[in-house]
Amino acid sequence: MPKGKRRVRIFSALEVANICGVVNQTAINWIRNGHLKAFTTPGGQYRIYAKDLAAFLDKRGMSASGEVLQIMTENANWDIFLIAAHPSINNNLKAEIESLLPGHSIVQAFDWFDIGRKMTVEKPGFILLDTELEGVEISRFIQIAKGDPTFGNPYIFILNNDNAHYEADLLLTKPFNLEQFLSAIRSFEKQVDIAANA
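Be aware that the sequence shown starts at 1, since it is given in our numbering, and climbs by one per residue.
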């Protein structure tokens, strides 16, 4: 399995200008006028996340460079596992998963805002989502998470206690079956290894 942390790609205003075929000041003007989302470093320099650059290019009908397209379709970080559930369930699951997967970083999210933010920043390779976490339609979440390259096409496990069917990679029922879970993780990791070495 590919190891090592993947860093989030960030562009400078000058890099954006070069990608778009304009001068540096034009890119700065796009940022200052609110057309291109950016943040400033402590030194006052503008920086742009790849996802924001891709959204800007798409909105304006501009063709993305090969570098931007590669970044936007980059796979998830397979060393990161996101648990999305209420705090008490989340903490129990975290302890169990840490014991099974000592080489993974476990990231926790407790509400839908937190889930979206961590998926965008961390790009977890695996997501365990408890259907009792209220606030969004689960099927729609899966569709977006699997269909938007910004999220890196993670494997999604659904933990539920009803008979609802979801288009996830694995449906787990409560109580949490550790053997089934570990077997599925190993299977998906082999698929990632095969794809990486193809």
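Accuracy of the hints is not assured; some may be wrong.
Said to hold, decoys possible - Straight-line Cα separation of at most 20 Å, SDA-like style, residue types lysine to any residue; simulated pairs:
| no. | residue 1 | residue 2 |
| --- | --- | --- |
| 1 | 94 | 59 |
| 2 | 51 | 121 |
| 3 | 94 | 132 |
| 4 | 118 | 104 |
| 5 | 59 | 151 |
| 6 | 37 | 21 |
Just so you know, these hints were derived from the structure itself, not from any lab.
Quick caveat: nothing in here was measured; it's all calculated off a predicted structure.
Given the hint that residue 37 pairs with residue 21, test it: the Cα-Cα distance must not exceed 20 Å.
-> holds (18 Å)
Given the proposed pairing of residue 118 with residue 104, does the C-alpha separation stay at or below 20 Å?
-> holds (15 Å)
Would you check the hint for residue 94 and residue 132, treating anything up to 20 Å between C-alpha atoms as holding?
-> holds (17 Å)
Hint consistency between residue 51 and residue 121 [alpha-carbon to alpha-carbon, up to 20 Å] = holds (10 Å)
Take a quick look at whether residue 94 and residue 59 sit within 20 Å of each other, Cα to Cα.
-> Not OK: residue 94 and residue 59 at ~39 Å, beyond 20 Å, violated.
Between residue 59 and residue 151, is the straight-line Cα distance small enough, at 20 Å or below?
-> holds (19 Å)
Of the numbered hints listed earlier, the single one contradicted by the structure is hint 1.
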